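**Q** Here is what each chain is made of, one letter per residue.
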Amino acid sequence: MKFEIKKLFASKLIIICLVLLFGFFVFFVVNAYKSREEVSEPYEKLISDISDVSDDSNSVLALLKEKSEQMTTDYYLNSEMYHSTKGEYGSTLADDMFLYRKAYNDAKKYFKTFPQNRIRLINDAMLTIIEEESKENPDKSIIALNQKAVDKYNRQIKMELKSTGDLFNTLYFFDNTYWDYALIAFIIMLTVRMFTLDYSTGAYQIVFSTPGGKKKLFLKQYFTLIASAVTIIALVSLCQIIFGYLFFGVNNLSLPLQMVEYFEFCPFTISIGEYYLIKFLCKTLFFILVITLTAALSIIFRKTMGAMSISLVVFVLPLMIITHYFMYTTGDNVNTISEQYRIYKALQAITPQGLLNLKTYFNAFDYLNILGVFIPRITCCITITVIVIILFFTIGLRRFAKPKR
Amino acid sequence: MKLKFENISKRYKTKKALNNINIELEEGIYAFLGPNGAGKSTLMNILAGIIKPSTGSIYLDGQNTVSMDKDFRKVLGYLPQSPGFYPNFTGYEIMKYFSVLKEADHSEKKINEMLEFVNLYDDRKKKYGAYSGGMKRRLGIAVALINDPQILILDEPTAGLDPKERIRFRNIISRISRNKIIIYATHIVSDVESIADKVILLKSGEIIEFGDTDKVIKNVENKIWLYDTDVDTAEKYTLEHSNAVAVKSGDIVKLRIVSETKPFEGAYNTDSTLEDVYMYYFNESGQEKENDSLV
Ligand SMILES: Nc1ncnc2c1ncn2[C@@H]1O[C@H](COP(=O)(O)OP(=O)(O)O)[C@@H](O)[C@H]1O
Ligand SMILES: [Mg+2]
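Protein sequence lines correspond, in order, to chains C and V. For the first sequence, our numbering assigns the number 74 to the initial residue and increments by one for each residue that follows. For the second sequence, our numbering assigns the number -14 to the initial residue and increments by one for each residue that follows.
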């Protein structure tokens, strides 16, 4: 594979693009750095002390409630003293009071609000079931879907009083569309180069008349590309984890994803770390698709420009469309029954580009009813992506170095 | 070893590039002679499996080369008409990569030996992109030879070589030719004249002559005429007749004319060469068998 790597990267243009890509990435890191939120060490210490005192969420809540209410009352009576006395965690007692109040609010969120919200979802679903069953012609699929929701949410999520950091911003700064566009363009360029270099240099007649095995050569070139793409994606993902930790305090990867407010209603039992992993795998899968389809096009066209332009259109255009509709799913006036929202969800189920913006698969109960079987929307998208990959892999492999008619 | 072409035809969209080629080759050096567009490269590419013939098959010792697949390519060395390699690889790296692809001995010793053989050893660490035309060509030859092929296809291999390199190359080919089928496609007669065992003449996609070199030369024996004249007459005649060349020897000019019969009084027969054979068959204006008179 050493020679294939050299074939791929021994070019000034590719190196320049690689440097540009890196510069682009640094730009995002700088942006993230500018919006960083320092981890509050006193607060971390406070909640870890509280957790040491008790494992039980109710007693933690009671303790924090008592402490913060008591301190608030004291504060109004004796504010002078609160500002002048050194605190246990913060620099003054007043700081301590705010820390306790924050801890109480967080504990309430984790131990009360979130579970209650989930119970409300379950109740709503059960109500819908009862309502539907009482109709003359009950819609079985509605009943089944709501039953599925009940099953999914009727689980204990182990919440802890720990800070999750700002996962949302970590995702926001490192999973943005601009970066995806740049990476798509770069990977397409690499793939086209790999599979048309023999034609553009005139080496193909010699290469294809060697016994080395056309399948073997195809696979070597293909997996060199995949290895390169995976390396880039892995490095970026690793940076995301590191900078998420440094800039946004995302340091407890084993906490359940549901502790992050945005993912409160995530129906899957996964941790923040597992979410990172799934995100990495989905990105990788998407870029394997980019490589596979571009390779097949390059093999068919044998021309750099043709394959490159078609591939760019095939991957960038749907991403632009899906990103356009994504706008309707964020912000304050999200309307889940609006036409745009429905289009977005439909696109998310069938276009592999959906895999680049993973969070919207994980923030709500999102199952599709396919012939009576409920599968998560993301599973549907992954399945389609895998099928397309297999299809174009087969086409590429069969057409590679085939004698011209 | 027998290499048999059976009913090979190749049709590009509108153009018929090869028409029903039937020929059997054994060990030896074969000169595939024909003007540009005769179909030589097409036939070489079909043999190497790069393009598919419209009809027909090629057999090596009775086995279809397409179904032999890898086994056939193992014994093959191919130097295409306009080969190229990766500009950012050094000569050594190209040799290494292709000997791996060819499943040949890719030890440093062997590669250096091959580079030495084509006189590129001192430039082995230079990038291919910085090679001169002749160096590129010689590297192509080294790549074609690295697996010690039983069947060697050379498509216009001397294009871009200077006269010294041509001679060198000719010597290389005759040195390695033992027990090999060497197919040497060219339109430059002097390249193959002294080394070809057999000659195949290809014209508009058809084989018009095939045989031992000396026999083919002998066939046109009585059709080559010389005529001693002055510069002006010779110039005028060669301008008007494509079947003649003027050869200057001292003060007089010898007109060398290819003609079925005596072209005019005073012309006398001479020994034929492969060059004459080429002139006889490929006289571009198509008037090769006309009986011209000196005006
Ligand atoms: N890819 C192609 N498409 C159409 N015509 C072609 C193609 N390749 C070669 N030809 C035609 O086939 C004929 C034979 O070409 P070629 O085999 O290159 O001849 P040679 O090598 O003897 O010069 C020429 O007339 C050429 O124009
Ligand atoms: Mg040719």
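If you're looking for bench data, these hints aren't it; they were derived computationally from the structure. For clarity, every value in this text was computed on a predicted model and none was experimentally measured. Glycine included, every Cβ here is placed at the ideal spot set by N, Cα and C. Heads up, some of the hints might be wrong.
To be verified - Straight-line alpha carbon distances no greater than 35 Å define the calculated DSBU-like cross-link-like pairs of lysine-lysine that follow:
(1) C:K287 / V:K165
(2) V:K183 / V:K112
(3) C:K213 / C:K118
(4) V:K233 / C:K477
To be verified - With the C-beta cut set under 7 Å, the calculated list includes, among others, these residues of chain V facing chain C:
(5) M53
(6) K59
(7) Y63
(8) G69
(9) F70
(10) L86
(11) K87
(12) G118
(13) M120
(14) K121
(15) S227
(16) A231
(17) F249
**Q** Now tell me if each hint is right for this structure.
**A** Each hint, compared with the structure:
1. C:K287 / V:K165: Given pair K287 of chain C, K165 of chain V holds - Cα atoms ~25 Å apart, limit 35 Å.
2. V:K183 / V:K112: The given pair, whose Cα atoms are some 38 Å apart, is violated under the 35 Å limit.
3. C:K213 / C:K118: With Cα atoms ~52 Å apart, K213 of chain C and K118 of chain C exceed 35 Å; violated.
4. V:K233 / C:K477: Violated. K233 of chain V to K477 of chain C sits at ~48 Å, over the 35 Å cutoff.
5. M53: violated, 10 Å
6. K59: holds, 4 Å
7. Y63: holds, 5 Å
8. G69: For G69 of chain V, the interface hint holds, since the closest Cβ of chain C sits about 3 Å away, which is under 7 Å.
9. F70: OK, holds: F70 of chain V within 7 Å of chain C, min 5 Å.
10. L86: This hint holds: L86 of chain V lies near chain C, its Cβ roughly 4 Å from the closest one there, short of 7 Å.
11. K87: holds, 5 Å
12. G118: This interface hint is violated because 13 Å lies over the 7 Å limit.
13. M120: violated, 15 Å
14. K121: violated, 10 Å
15. S227: violated, 33 Å
16. A231: Violated: closest Cβ of chain C sits about 38 Å from A231 of chain V, beyond 7 Å.
17. F249: violated, 48 Å
The structure fails to meet hints 2, 3, 4, 5, 12, 13, 14, 15, 16 and 17 from the earlier list, while all remaining hints are met.
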